[in-house]
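Number of protein chains: 2
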Amino acid sequence: MPKSSERHAVIPESHCDILESRCYPMISTLRPDGMLSSNPVSIVWDGDKIRFSTLKDRMKYRNLLADPRIALCAVHPDNPLHYLEVRGRAVLEDDIDRRFVNQIARKYMDVDEYPFDPPGAARVTVTITAEQISTPYMGKVGGPRD
Amino acid sequence: MPKSSERHAVIPESHCDILESRCYPMISTLRPDGMLSSNPVSIVWDGDKIRFSTLKDRMKYRNLLADPRIALCAVHPDNPLHYLEVRGRAVLEDDIDRRFVNQIARKYMDVDEYPFDPPGAARVTVTITAEQISTPYMGKVGGPRD
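These protein sequence lines map, in sequence, to chains G and P.
Start counting the first sequence at 0; every next residue gets the next number (numbering that gives the first Met the number 0).
Start counting the second sequence at 0; every next residue gets the next number (numbering that gives the first Met the number 0).
To be clear, the hints were calculated from the coordinates, so they are not data collected in a lab.
Hints may be right or wrong, so weigh each one.
[Unchecked claim] Here are the computed distance ranges between Cβ atoms for each label pair:
{"no.": "1", "chain 1": "P", "residue 1": "D109", "chain 2": "G", "residue 2": "R98", "range": "46 to 56 Å"}
{"no.": "2", "chain 1": "P", "residue 1": "V9", "chain 2": "G", "residue 2": "P31", "range": "21 to 31 Å"}
{"no.": "3", "chain 1": "G", "residue 1": "V110", "chain 2": "P", "residue 2": "V9", "range": "37 to 47 Å"}
{"no.": "4", "chain 1": "G", "residue 1": "G33", "chain 2": "P", "residue 2": "L91", "range": "18 to 28 Å"}
{"no.": "5", "chain 1": "P", "residue 1": "D93", "chain 2": "G", "residue 2": "L80", "range": "23 to 33 Å"}
{"no.": "6", "chain 1": "P", "residue 1": "E112", "chain 2": "G", "residue 2": "I95", "range": "55 to 65 Å"}
Keep in mind it's a predicted model, so treat the numbers as computed, not measured.
We put the CB at the ideal spot given by N, CA and C, even for glycine.
The whole structure should be built from the sequences, with the hints applied where relevant.
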């Protein structure tokens, strides 16, 4: 596993609109069985860090507990050519008072309390420490994907 | 790295519509520097295998050449709750006659020839051998992401 970089990469202003939107970025994690995994998440960006919420019984939590490496790719909901990739490490913190998951609910659902958890659900907030950021320039090519 | 499984996982019929759509799935790969990467691709699915195209000078090609592990997550363009994840390995083949990248062009652009490559571009077709497939059931929860 590579050493954690001291550098904290900064999101370029040109791509902040993506993180502010109701996008559903994909995260990449490594499973304990050695396979890669890719899953959608809802995020809140506070102008500095990207965060998402998960549950302790989810695979992505177990993956990140065992190996904090993570990548996130966020595409603007209205423009598939406008996206950014963040590569870094995840920091996990219990969300005991559900303050963070309720931020997700406010951003994505316009409600004050996240309504879908079963009783006793153990919420965790995942903060991504960005070490590398890619913002491919798509102005002169056909698309980001081919 | 885990051993390649002999099993060839089959896409459930309930999720074939996603792969037939003009979706832009995200792939996860491992970089030679040890970081994870996540990037959008255009795919063609022939009813058996998922394929995408890349260029030999792209990072995702170099990543997969060094480590064939890959995950792909495809979301239906009209329904963010309807998605599937495929985990497996990538097989790389030169697309010398550009037959495959032109299939991408027909599916996504309604043109017969992929129009955006620079002269001399070296096209590679990536075929995903699916070893594990997840199709989360979202019917009774709020979303796939939280």
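With 18 to 28 Å as the target window, see if G33 of chain G and L91 of chain P comply at their CB atoms. This hint holds: roughly 20 Å between Cβ atoms.
* To do: State, for the Cβ atoms of V9 of chain P and P31 of chain G, whether the hinted interval 21 to 31 Å holds or is violated.
  => holds (24 Å)
- Range hint 23 to 33 Å (beta carbons of D93 of chain P and L80 of chain G) holds or violated: holds (27 Å)
Between the beta carbons of V110 of chain G and V9 of chain P, is the distance compatible with 37 to 47 Å?
holds (39 Å)
Quick check: does the Cβ-Cβ distance between D109 of chain P and R98 of chain G fall within 46 to 56 Å? Because 48 Å falls inside the window, the suggested range holds.
Range first: 55 to 65 Å. Now tell me if the beta carbons of E112 of chain P and I95 of chain G are that far apart.
holds (57 Å)
In summary, the structure agrees with every hint in the numbered list given earlier.
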